[in-house]
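> These are the residues of each chain, in order.
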Amino acid sequence: MSQYYYHSIRFDTQKCQGRMKCMRACPTQAIRVRGGKAAIIEERCIDCGECINACPSGAIVPLTDPFGELTKFRHTVAIPSPALYAQFGREILPGKILAGLKKLGFDDAFDLAFACGEVSFAIQEYLREYKGPKPLISNVCPTIVRLIQVKYPDLIDLIIPIDTPREIAAKDIKHKKSKQYGLPEKEIGAFYITPCPVKMISIRQPAEKGKSYLDGALSITDVYGPLLSAMESVGKESFRKALESICILGIGWAMVGGICRTLRLKNSLAVSGLTEIIKVFDDIERGKLRDIDFVEAYSCAQGCVGGSLTVENIYSSYNKILKLIETLEFEKIKACPDIRQVRKLYAEKYFSLEGKIEPRPLTPLDKDLGKAIQKRKEKEEVYESLPKIDCGACGSPNCLTFAEDVVMGKAQLTDCLFKIPERIKQNEG
Amino acid sequence: MGDENELSQTFEILGGDFGRAGSVSTKVKEILKEIGIDPSVIRRAAIVTYEAEMNAVMYARKALFTLRLTPGQIHLKIEDEGPGIADIDLAMQEGFSTATDEMREMGFGAGMGLPNIKKNADRFLISSLVGKGTMLSVYFYLNQEGNG
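Protein chains in written order, with our numbering: chain A, 1 to 429; chain B, 1 to 148.
Hints are supplied without guarantee of correctness; some may be wrong.
As the list claims (entries may be wrong) - Covered by chain A, per the in silico footprint, the following chain B stretches (three or more residues, Cβ under 8 Å): (1) 27-34; (2) 65-74.
Unchecked claim - A few chain B residues facing chain A, derived, Cβ under 8 Å: (3) Asp-3; (4) Pro-39; (5) Ala-46; (6) Tyr-50; (7) Ile-88; (8) Leu-90; (9) Met-92; (10) Leu-142.
What the hints contain is simulated information worked out from the structure, not anything from laboratory work. For glycine and all other residues, C-beta sits at the position ideal for the given N, C-alpha and C.
I would like the entire structure built from these sequences, with the hints used as guidance.
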């Protein structure tokens, strides 16, 4: 149980004022404020990034890569999340954005929407053959995968074992570039342009396999400003040409519902925002959603366009993606993976997830079942003695978590404001 | 095994209370996860709890749901005050249901409840008195080697 987990955030204790906003925002109760400073409980964190948005002091720093990382490779490639297109919509088209990225210092830039389209087809193939329990759950959001590993380990077999478009694209690009330039694959750096910090973790510590095909991630917030200036000097290209290679099927992956739209299933759900997802996962655990084939779930509201490292208001960017899709449809852009080719690759297991996602349930109250039962009873007793107003002043997010912290010896009962009389008595005694 | 190694918790379920239906299964699941019960057992217990809870909400006036946990087993007991079941063998058949149209419209009453409970349990007991109520007793046996 002592395994170390990387996380995509760092707490700057200098800046932290102990205002507890992060602690209250955390959906897995992974943050405690002790001695006036926030700290993270490693095993509980699922890297959703809610705390980054909540912190009023800018003390929670997402750990994405700086541009300097590019110099470590002989050849570098940018692979932007379609959420990057959503920052600009119809005003600056994908062709220009990719050209702008090259001006920023990447040797090449690739559209990810095409791989998204391919993976849509691969998921379709998988669902057609699948006979096991339902619903299957999308693995595209690494926070969702981690949420299942930590809080819903019994649902782990429902995660769809098809690799994500960003991994498939990086694998494919590295393979081709290595042939083209006669370079070993490790000298080609594939960088994801990310809307959220969790992708960084899925690169450094993938949930299922030893190593990611991606080498790093730059945040949209870091890239945005330089990219805007870089695009100024990109020559005018024709409207059509800027769109020609963009796959309509894949571009929708930037927003919630984008995958379901492409799958044409009888019954599927598209869910975004952790509180909503938890409700849906609770229903899946109860066996209530057996008639649903597929659940597409994103930790961020509205999907990847809602990531904490994006610039545009999430509703605007959602709208911008919709408008971009409309334009592609209107212009009759037909860029689309060849389904026969995808089927062939699928049969060769090209899209299959390498390795297995293992559960990582939270450490139980005790290793011994008998003692764990006793501690659970103690927890209930402590909880019953608390005011149950979840004020958080003790430094735990709510009374129930505080009760657990007390039983586990991580907090003192007298840390509770309402136990001050006892505290005074203790000090006197 | 002494009393201190036994956890017992009782929940009340009100007939017709669809708004809160599912809350007992959420609570039971939480307890089992914290104690470190095997995920596959939790899944089965969650399904059984939910089905039993829904049966009580749909058909009974009220019910008492008791979770009793010892290092060797999980025992779920649901006693309801309700119409009872006239023919248990028939009720145990998949697809048999006395659900009203309204219940079916809400997605319930597919006649899978009791068979599903039995399927997921390690031991399943049922008794019923028409006009009085029904009692279900469901056991899950725990492999005591290792926890976590």
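> Count the residues of the stretch 27-34 of chain B whose CB lies closer than 8 Å to any CB of chain A, then report whether that count reaches three.
holds (count 4)
> Please check whether B/Ala-46 passes as an interface residue: C-beta within 8 Å of a C-beta belonging to chain A.
holds (5 Å)
> Quick check on B/Pro-39 please, does its C-beta sit within 8 Å of some C-beta on chain A?
holds (4 Å)
> Let me know if the C-beta of B/Tyr-50 comes in closer than 8 Å to any C-beta of chain A, holds or violated.
At about 4 Å, which falls below the 8 Å cut-off, the nearest Cβ of chain A leaves the hint on B/Tyr-50 intact, so it holds.
> Hold the hint about B/Asp-3 up to the distance rule: shortest CB distance to chain A must be less than 8 Å.
violated (10 Å)
> Using 8 Å as the Cβ threshold, decide whether B/Leu-142 counts as touching chain A.
holds (7 Å)
> B/Leu-90 was flagged as interface toward chain A. Is the shortest Cβ-Cβ separation under 8 Å?
violated (23 Å)
> Taking 8 Å as the limit, does the beta-carbon of B/Ile-88 come near enough to a beta-carbon in chain A?
Violated - the Cβ of B/Ile-88 stays beyond 8 Å from chain A, reaching only about 22 Å at its closest.
> Can B/Met-92 be said to touch chain A, with a Cβ gap under 8 Å?
violated (18 Å)
> Verify this for me: three or more residues of the stretch 65-74 of chain B with a beta carbon less than 8 Å from a beta carbon of chain A.
That given contact holds, which follows from 3 residues of the stretch 65-74 of chain B lying within Cβ reach (below 8 Å) of chain A.
Checked against the numbered hints above, the structure breaks hints 3, 7, 8 and 9 and satisfies the rest.
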